Amino acid sequence: MRNYLVSVLPAVVSVLIIAQYLLVPNFRQFTALDQNAPSNTFVWFMGFFVVLFSAWYVAGFFSKRAAKALRKRAPIFTAVLLLLLAYDWATLSAGMLPQPFVPWPDAILNAIIRDREILARSVFHSLRLLFTGYGIGAALGIICGVAAGSSEKIRYWISPVVKVLGSIPAVTWLPVILVLSASLFQGAVFLIALAVWYPVTSTTMNGVLNVPKGTFEAAATFGVSKIGMIFKVAIPASSPFIFQGLTQGMSIACTALLIAELMGVEAGLGWYINWQRGWADFAAMYGAVVIICITFFAVNAVLNVIKSRVLRWKEGG
Amino acid sequence: MNGKIEINRLNKVFKRADTAENFCAIEDLSLEIESGEFVSIVGTSGCGKSTLLRIIAGLETPTHGEVLCGGNTVSGTSPSRGMVFQEHTLFPWMSVRKNIVFALKSAGRFKMFGGDVDTLLETAGLTDFANSFPHQLSGGMRQRAALIRSLAVSPDVLLLDEPLGALDSFTRMVLQDEIIRLWKERGNTMLLITHDVDEAVYLSNRIIVMSPRPGRIAEIVSVPMSYPRNRGASEFAQLRTRLLKRLNFASDTQMDYYL
Numbered sequence: 001m002r003n004y005l006v007s008v009l010p011a012v013v014s015v016l017i018i019a020q021y022l023l024v025p026n027f028r029q030f031t032a033l034d035q036n037a038p039s040n041t042f043v044w045f046m047g048f049f050v051v052l053f054s055a056w057y058v059a060g061f062f063s064k065r066a067a068k069a070l071r072k073r074a075p076i077f078t079a080v081l082l083l084l085l086a087y088d089w090a091t092l093s094a095g096m097l098p099q100p101f102v103p104w105p106d107a108i109l110n111a112i113i114r115d116r117e118i119l120a121r122s123v124f125h126s127l128r129l130l131f132t133g134y135g136i137g138a139a140l141g142i143i144c145g146v147a148a149g150s151s152e153k154i155r156y157w158i159s160p161v162v163k164v165l166g167s168i169p170a171v172t173w174l175p176v177i178l179v180l181s182a183s184l185f186q187g188a189v190f191l192i193a194l195a196v197w198y199p200v201t202s203t204t205m206n207g208v209l210n211v212p213k214g215t216f217e218a219a220a221t222f223g224v225s226k227i228g229m230i231f232k233v234a235i236p237a238s239s240p241f242i243f244q245g246l247t248q249g250m251s252i253a254c255t256a257l258l259i260a261e262l263m264g265v266e267a268g269l270g271w272y273i274n275w276q277r278g279w280a281d282f283a284a285m286y287g288a289v290v291i292i293c294i295t296f297f298a299v300n301a302v303l304n305v306i307k308s309r310v311l312r313w314k315e316g317g
Numbered sequence: 318m319n320g321k322i323e324i325n326r327l328n329k330v331f332k333r334a335d336t337a338e339n340f341c342a343i344e345d346l347s348l349e350i351e352s353g354e355f356v357s358i359v360g361t362s363g364c365g366k367s368t369l370l371r372i373i374a375g376l377e378t379p380t381h382g383e384v385l386c387g388g389n390t391v392s393g394t395s396p397s398r399g400m401v402f403q404e405h406t407l408f409p410w411m412s413v414r415k416n417i418v419f420a421l422k423s424a425g426r427f428k429m430f431g432g433d434v435d436t437l438l439e440t441a442g443l444t445d446f447a448n449s450f451p452h453q454l455s456g457g458m459r460q461r462a463a464l465i466r467s468l469a470v471s472p473d474v475l476l477l478d479e480p481l482g483a484l485d486s487f488t489r490m491v492l493q494d495e496i497i498r499l500w501k502e503r504g505n506t507m508l509l510i511t512h513d514v515d516e517a518v519y520l521s522n523r524i525i526v527m528s529p530r531p532g533r534i535a536e537i538v539s540v541p542m543s544y545p546r547n548r549g550a551s552e553f554a555q556l557r558t559r560l561l562k563r564l565n566f567a568s569d570t571q572m573d574y575y576l
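Top to bottom, those sequences are chains A and B. Heads up: the first sequence begins at 1 in the numbering used here, then just goes up one per residue. Heads up: the second sequence begins at 318 in the numbering used here, then just goes up one per residue.
Certain hints may be false.
[As the list claims (entries may be wrong)] What follows is a set of in silico ranges between Cβ atoms, one per label pair, in the way DEER data are often shown:
hint: 1; chain 1: A; residue 1: ALA139; chain 2: B; residue 2: MET318; range: 54 to 64 Å
hint: 2; chain 1: B; residue 1: SER352; chain 2: A; residue 2: SER308; range: 43 to 53 Å
hint: 3; chain 1: A; residue 1: VAL310; chain 2: B; residue 2: ASN328; range: 20 to 30 Å
hint: 4; chain 1: A; residue 1: ALA55; chain 2: B; residue 2: GLY482; range: 54 to 64 Å
hint: 5; chain 1: B; residue 1: ARG326; chain 2: A; residue 2: ASN304; range: 54 to 64 Å
hint: 6; chain 1: B; residue 1: MET318; chain 2: A; residue 2: ASN304; range: 24 to 34 Å
hint: 7; chain 1: B; residue 1: ASN328; chain 2: A; residue 2: ALA301; range: 55 to 65 Å
hint: 8; chain 1: B; residue 1: ASP335; chain 2: A; residue 2: LYS153; range: 34 to 44 Å
hint: 9; chain 1: A; residue 1: SER167; chain 2: B; residue 2: PHE340; range: 36 to 46 Å
hint: 10; chain 1: B; residue 1: GLY482; chain 2: A; residue 2: PHE61; range: 50 to 60 Å
hint: 11; chain 1: A; residue 1: LEU311; chain 2: B; residue 2: GLY456; range: 14 to 24 Å
hint: 12; chain 1: B; residue 1: ARG503; chain 2: A; residue 2: GLY228; range: 17 to 27 Å
[To be verified] List time: in silico EDC-like cross-link candidates among lysine to aspartate or glutamate, alpha-carbon distance up to 20 Å:
hint: 13; chain 1: B; residue 1: LYS415; chain 2: A; residue 2: GLU152
hint: 14; chain 1: B; residue 1: LYS415; chain 2: A; residue 2: GLU217
hint: 15; chain 1: A; residue 1: LYS213; chain 2: B; residue 2: GLU536
[Said to hold, decoys possible] Chain A regions said to be covered by chain B (calculated; three or more residues, Cβ under 8 Å):
hint: 16; segment: 211-220
hint: 17; segment: 228-237
Keep in mind that the hints were calculated from the coordinates and are not lab data. Values in this document were obtained by computation on a predicted structure and should not be read as measured data. Note that the Cβ used here is the ideal one computed from N, Cα and C, for glycine as well.
When you get a sec, could you build the whole thing from the sequences and use the hints?
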């Protein structure tokens, strides 16, 4: 297909979505009292994308880079928008999916807007818990990993702990932790830290063990001190491995966070979903899922940016 | 600068990992190297030449005997004894310039050096690659960078463990000239391990031939030629043949005819 035809597709499908939303009859009549009565929110939302993709398309006439970037991403954008179109049609127009368990996009957007304050607070609580646990777990993991990698005696004790306990998913301990810990927040921090500690310790240890002997020997001939060997040689040399553990740890930490919040912690996005389930507000639950997706995506994106900055020196990295 | 090396009745015994037997890498080796001298060690694999170099560097400890460098007994590594390895040991996470600065700072000689890393990079032809990471350089440039990094800290003795072994022969010849230039400029002691007899003859004042199992000195050959040397000179060829014979790679009988 011609490039300009592909590039214009996202804008066209966005218009199609609005048309289907406004013109195709809904599967039932709504009254003003209906909580999920279709509103203009979705029109504004999709209108934003129409403007965005049109502007991008027009910018392509002036900037080759913009045109290339759009042409590269247009197929996947179009596919996602088509899915959204199908979803909106299946829920609101055809009523095919069981109602009220599968709300349509307009209802989800309205739920997010309605609960924006409490959602923002939930995001804040979740992130605070995530970063506290993650920070503690990652720091302890790097310390233990470097110690185990540098000293055979320490490795003798740490390596089996990582191997045996590391094979138990950290969330297994959740019931015990919730009973034993002074506060639910502290318990969840401990759980997340534990979940992050395993992968970071094990990859850091492997990283230090994999540093070529010559690297340490060369450093020794320059008179690098013992502390310098750890902070200026061992840690930077094994940083690709450390980041591997940090990435793994982040995905486990996100899981542990949500489970902890769903199971007991009385704040955060997991708690919000549970709370809305109590009210059978499915639109709000879906809204929380969307917010969780955006939040975790952003957290991982930030981690990746840091990773690519730090590992700039790596071949192909 | 005192780069005199004295080796007194050095012995190094390793425990073999596979049979738990002892294995004598170096036996009763004594040697004196004058300050500012360029000495090469040649020998087949397993003759203990790398072990000897590592003991002088302070990376291994002798079983018996001792090594003195500049009059002091060697124990542990020191910036006064630099080492260049066969695999470049540039720190991959640092640019070429940072590698040099890190070495200088670790050795506590950054202030003394005056921080003139640029001049050093320029003399080595690495100005354009100062901010490149090691993986972005060619093999020859990496070894050149490793060489000037080691020389930047002004060691009294520079130990070279087959630094050019992994390079192609043209790059090797270019770097051999570079090594001679840097040595003449600085006047430090150079101790080179090589498998390449030509390299030894081209570079050294003296060549030490070692024999294996147990590692000991078989012969010490002086090279009376002045620098720069001509690889094509007959004197050069004679020395090369003599060394190869000593290493059992050339036969004593001259061939009368060729098939």
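To see whether the hints hold, each was checked on the structure:
{"no.": "1", "hint": "ALA139(A) with MET318(B): 54 to 64 Å", "in the structure": "violated, 45 Å"}
{"no.": "2", "hint": "SER352(B) with SER308(A): 43 to 53 Å", "in the structure": "holds, 49 Å"}
{"no.": "3", "hint": "VAL310(A) with ASN328(B): 20 to 30 Å", "in the structure": "violated, 46 Å"}
{"no.": "4", "hint": "ALA55(A) with GLY482(B): 54 to 64 Å", "in the structure": "holds, 60 Å"}
{"no.": "5", "hint": "ARG326(B) with ASN304(A): 54 to 64 Å", "in the structure": "holds, 59 Å"}
{"no.": "6", "hint": "MET318(B) with ASN304(A): 24 to 34 Å", "in the structure": "violated, 50 Å"}
{"no.": "7", "hint": "ASN328(B) with ALA301(A): 55 to 65 Å", "in the structure": "holds, 60 Å"}
{"no.": "8", "hint": "ASP335(B) with LYS153(A): 34 to 44 Å", "in the structure": "violated, 25 Å"}
{"no.": "9", "hint": "SER167(A) with PHE340(B): 36 to 46 Å", "in the structure": "holds, 41 Å"}
{"no.": "10", "hint": "GLY482(B) with PHE61(A): 50 to 60 Å", "in the structure": "holds, 58 Å"}
{"no.": "11", "hint": "LEU311(A) with GLY456(B): 14 to 24 Å", "in the structure": "holds, 23 Å"}
{"no.": "12", "hint": "ARG503(B) with GLY228(A): 17 to 27 Å", "in the structure": "holds, 26 Å"}
{"no.": "13", "hint": "LYS415(B) with GLU152(A)", "in the structure": "violated, 31 Å"}
{"no.": "14", "hint": "LYS415(B) with GLU217(A)", "in the structure": "holds, 18 Å"}
{"no.": "15", "hint": "LYS213(A) with GLU536(B)", "in the structure": "violated, 32 Å"}
{"no.": "16", "hint": "211-220", "in the structure": "holds (count 7)"}
{"no.": "17", "hint": "228-237", "in the structure": "holds (count 5)"}
The earlier numbered hints that this structure contradicts are 1, 3, 6, 8, 13 and 15.
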